[in-house]
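K.L.:
What follows is each chain in one-letter form.
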Amino acid sequence: MGVMTMMQKRAQTKQPRVVFPEGNEKAIVKAAVAANKQGIARSILIGTKKIIAGYGIDTTGVAVVDISENIEKKETYAQSYAESVDYPQEVVTHMLDDPLNFGAMMVRQGEADGMVAGFVNATESVILSSEMFVGMAESVETPSSFFIMDIPGWPGGENGLIAFADCAVVPQPTKEQLAGIALSTASSVKALLGWEPRVAMVSFSTRGSATHPDVKKVMEAVKIVKEIKPGFCVDGEMQVDAAIVPDVSKRKIKTGNALEGKANIIIFPDLDAGNAGYKLVQRLANAAAYGPILQGFAKPVSDLSRGATVEDILGAATIVAAMV
Amino acid sequence: MADQKQLEEFVLNATSKVLKRDKNTLTMETRWVEDLKIKSLQVFMINMMLENEYKVKITMARVADNKTLMDVVDMVKELLANK
Chain U
7 MGVMTMMQKR
17 AQTKQPRVVF
27 PEGNEKAIVK
37 AAVAANKQGI
47 ARSILIGTKK
57 IIAGYGIDTT
67 GVAVVDISEN
77 IEKKETYAQS
87 YAESVDYPQE
97 VVTHMLDDPL
107 NFGAMMVRQG
117 EADGMVAGFV
127 NATESVILSS
137 EMFVGMAESV
147 ETPSSFFIMD
157 IPGWPGGENG
167 LIAFADCAVV
177 PQPTKEQLAG
187 IALSTASSVK
197 ALLGWEPRVA
207 MVSFSTRGSA
217 THPDVKKVME
227 AVKIVKEIKP
237 GFCVDGEMQV
247 DAAIVPDVSK
257 RKIKTGNALE
267 GKANIIIFPD
277 LDAGNAGYKL
287 VQRLANAAAY
297 GPILQGFAKP
307 VSDLSRGATV
317 EDILGAATIV
327 AAMV
Chain Y
219 MADQKQLEEF
229 VLNATSKVLK
239 RDKNTLTMET
249 RWVEDLKIKS
259 LQVFMINMML
269 ENEYKVKITM
279 ARVADNKTLM
289 DVVDMVKELL
299 ANK
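Taken in sequence, the protein lines are chains U and Y.
Under my numbering, residue 330 is the last one in the first sequence; the count climbs by one each step, no gaps.
Under my numbering, residue 301 is the last one in the second sequence; the count climbs by one each step, no gaps.
Think of the hints as simulated: they come from the structure by calculation, not from any bench.
It is possible that some hints are incorrect.
With a straight-line cut-off of 27 Å between C-alpha atoms, the simulated BS3-like cross-links for lysine-lysine are [as the list claims (entries may be wrong)]:
| id | chain 1 | residue 1 | chain 2 | residue 2 |
| --- | --- | --- | --- | --- |
| 1 | U | Lys229 | Y | Lys257 |
| 2 | U | Lys232 | Y | Lys301 |
| 3 | U | Lys305 | Y | Lys257 |
| 4 | U | Lys181 | Y | Lys238 |
| 5 | U | Lys79 | Y | Lys223 |
| 6 | U | Lys235 | Y | Lys257 |
| 7 | Y | Lys295 | Y | Lys273 |
| 8 | U | Lys181 | Y | Lys255 |
| 9 | Y | Lys223 | Y | Lys301 |
| 10 | U | Lys80 | Y | Lys235 |
| 11 | U | Lys229 | Y | Lys255 |
To give a feel for the contact side, a few chain Y residues facing chain U, derived at Cβ under 10 Å [as the list claims (entries may be wrong)]:
| id | residue |
| --- | --- |
| 12 | Met266 |
| 13 | Glu269 |
| 14 | Met278 |
For every residue, glycine included, the Cβ atom is placed at its ideal position computed from N, Cα and C.
Input sequences plus hints: build the corresponding full structure.
P.N.:
Set out below in structure tokens:
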């Protein structure tokens, strides 16, 4: 079964409420309607009712939220946020005129289960809005991302599938951020695909074979993960071959080998390694790379590329819905 | 045109509020990164307070050059002058 089909089936069992703040865009409306029709999500569009109606698309079953008709809700949201975070209410009220922030706030308030944005908003805006209003997951300091790699002919991981993180967002994670990325990715793949996480935190060293501040960072990140989640299946620092090749793992890791070369999640030490890593696998192994999928927020948020097609948007909605 | 002292006071108050720091520990020479270890989200939240107060538009790209609190004051003055 293909990755997207797996995620679709998962989404269809939950049919969560997914908010699309860029509801004035025709492609977004089409995708939201499709998500509803396919039982993937209960779509919520934020936009101007007149503009949405003007597209002539049957939006039956899709909730449409026009901020101009929800002034009282906006004020309630602003008051609630301002009190909980100790931040000026009037500033929040002003910010909620932006549909992106309003959508993120709907997720915070439990009126939506996830958000899909980025068609007209820059990635930075989606991340900042989500960080501020959706909030971060427990023990996670920094948003990050992951890819699901589908590697033809490879028997490892989960039948040829493996998660790579972070390959798109955090350039030079600290040890705390790296630990957060590991925890986020584990949580994400469990929610998205039902995997039991087996996390390898990689480096150019295996069990102290090299000495360098970068190696130390990964070692300390592993320690932090274990302190936060005792019993969690994580190991490192190790080189990538020790993470994914059982024979190499056996040779290089003599004691306490938690992964035995069967990692299904690779956590790269920085963005240089992560970005190069996933691209190499994608190009040289003809692997499909699904992502980058944002993670680390308290609820799922997906970022779209500005040139996303309706199919891409629907794919992002499927991922968000599956991650709920 | 915003009064210089008023603007400085606003920046100090906003920074103190968002970073949850005693205002008396901040000066115009305080550096965002080296002294405050400020995060993107905190910069964003301070920007929003400035936008709301002074009715200017502040992009994250524009703030990237700010090293100190005084740089933020100068940035707002420039934006107001160009309005």
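K.L.:
Please flag the earlier hints that this structure goes against, numbers listed from lowest up.
P.N.:
2, 5
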